[in-house]
Each structure stands twice: as structure tokens, then as C-alpha cells.
Amino acid sequence: MCLPSAQELSLEDANTVCQLVADHYLLDKTLIMSLDFALVRELKKMAPRICTGLFYQQLLSENFRRTLRGDLDDLHPAQFTVNKRIVRQAHEAGVPVAAVVLPQKDWILERWRWGVDIFNCDDPGMPRHVIEAELRTLK
Numbered sequence: 850m851c852l853p854s855a856q857e858l859s860l861e862d863a864n865t866v867c868q869l870v871a872d873h874y875l876l877d878k879t880l881i882m883s884l885d886f887a888l889v890r891e892l893k894k895m896a897p898r899i900c901t902g903l904f905y906q907q908l909l910s911e912n913f914r915r916t917l918r919g920d921l922d923d924l925h926p927a928q929f930t931v932n933k934r935i936v937r938q939a940h941e942a943g944v945p946v947a948a949v950v951l952p953q954k955d956w957i958l959e960r961w962r963w964g965v966d967i968f969n970c971d972d973p974g975m976p977r978h979v980i981e982a983e984l985r986t987l988k
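FYI, the numbering for the sequence shown is 850 to 988, going by my numbering.
Hints listed in this document are in silico derivations from the structure and should not be mistaken for laboratory results. One thing to keep in mind: the hints can contain errors.
[Said to hold, decoys possible] Each computed SDA-like pair below joins lysine to any residue, with the alpha-carbon atoms no more than 20 angstroms apart: (1) Lys893 - Pro945; (2) Lys933 - Val944; (3) Lys954 - Gln938; (4) Lys933 - Gly964; (5) Lys893 - Glu861; (6) Lys954 - Cys970; (7) Lys878 - Met895; (8) Lys933 - Trp963; (9) Lys954 - Gly974; (10) Lys954 - Glu981; (11) Lys954 - His978; (12) Lys894 - Tyr874; (13) Lys893 - Leu869; (14) Lys893 - Ala863; (15) Lys893 - Tyr874.
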């Protein structure tokens, strides 16, 4: 679930989101994402079992540092900012990396080799098929 900034979403609205997720027994299956650290932190206080993450953009490097400090559960770099260094630093901090990828075989395989954990793609099944085919060639 991607949320706007706190300027666009009140804490009352955020509380409603948490309550809705809790009412449907989805706390352990929900990932709340935003560019707004303060909003994500408040949501985490309201519902500690909800996984949280920040979208990372180069201009928002503080979000990256917060994620590595353990304030959030995972890192979601913008598609053109993810690189081997970011993935390595996140993994060293025990943080999984979810990346938006273009539906192109080479693009997916490069990020897979870097260690990206989760792929978000316009063609949802493509990353899995590409990686499985690559694994078959490595056997």
C-alpha cells in the first residue's frame, strides 16, 4: 500500500487505514510505503506489526540512512537509483531491497545478480520466469 505524504493524509486517515488492515487480519501481510518518514513512523506506532518502508530517491538519501538504521523494514529504491552499492549496504544492515524493474531480461538479471530481493514489474510474472531460466542455465 503506497501512501501520500502527511500533508495529504491526516493522522486520523492513517489511523483509519491501520484499523481497516487490522479488522481484516492483514497486519502481517501489509506493507505500508511512503516518501514521508514521519507518516510511516506514526503508522508503525499505531500498528507495530505492519511492515513499513520508504521509497528511496537520490534526493531523499536520509530515507536510505533511516532504513539502514533499522527504523523501517525494507528499502524500495526508485528504478534508476538502485545499484550494487545500495543493495550491498542494505543487506549488510539486514534490510531487504525491493526494486521496480523494467520488463527487460538484462535489466532484471543485472539487479538479481546484485541481490535485489523483490522485483516489482509491469509484467508481474516476468522477473520470476527470467530468473528461473537463468538458474536452469547455471545447473
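We went through each hint and held it up to the structure:
1. Lys893 - Pro945: With a Cα-Cα distance of about 18 angstroms, the restraint between Lys893 and Pro945 holds, given a limit of 20 angstroms.
2. Lys933 - Val944: holds, 14 angstroms
3. Lys954 - Gln938: It is violated: about 25 angstroms lies between the C-alpha atoms, which goes past 20 angstroms.
4. Lys933 - Gly964: Holds, because 8 angstroms separates the two Cα atoms, which is no more than 20 angstroms.
5. Lys893 - Glu861: holds, 14 angstroms
6. Lys954 - Cys970: holds, 11 angstroms
7. Lys878 - Met895: Holds - the C-alpha atoms of Met895 and Lys878 are around 16 angstroms apart, at most 20 angstroms.
8. Lys933 - Trp963: Distance of about 5 angstroms is within 20 angstroms: holds.
9. Lys954 - Gly974: holds, 12 angstroms
10. Lys954 - Glu981: Holds, because 12 angstroms separates the two Cα atoms, which is no more than 20 angstroms.
11. Lys954 - His978: Status holds; Cα separation ~10 angstroms.
12. Lys894 - Tyr874: holds, 17 angstroms
13. Lys893 - Leu869: holds, 14 angstroms
14. Lys893 - Ala863: holds, 10 angstroms
15. Lys893 - Tyr874: holds, 16 angstroms
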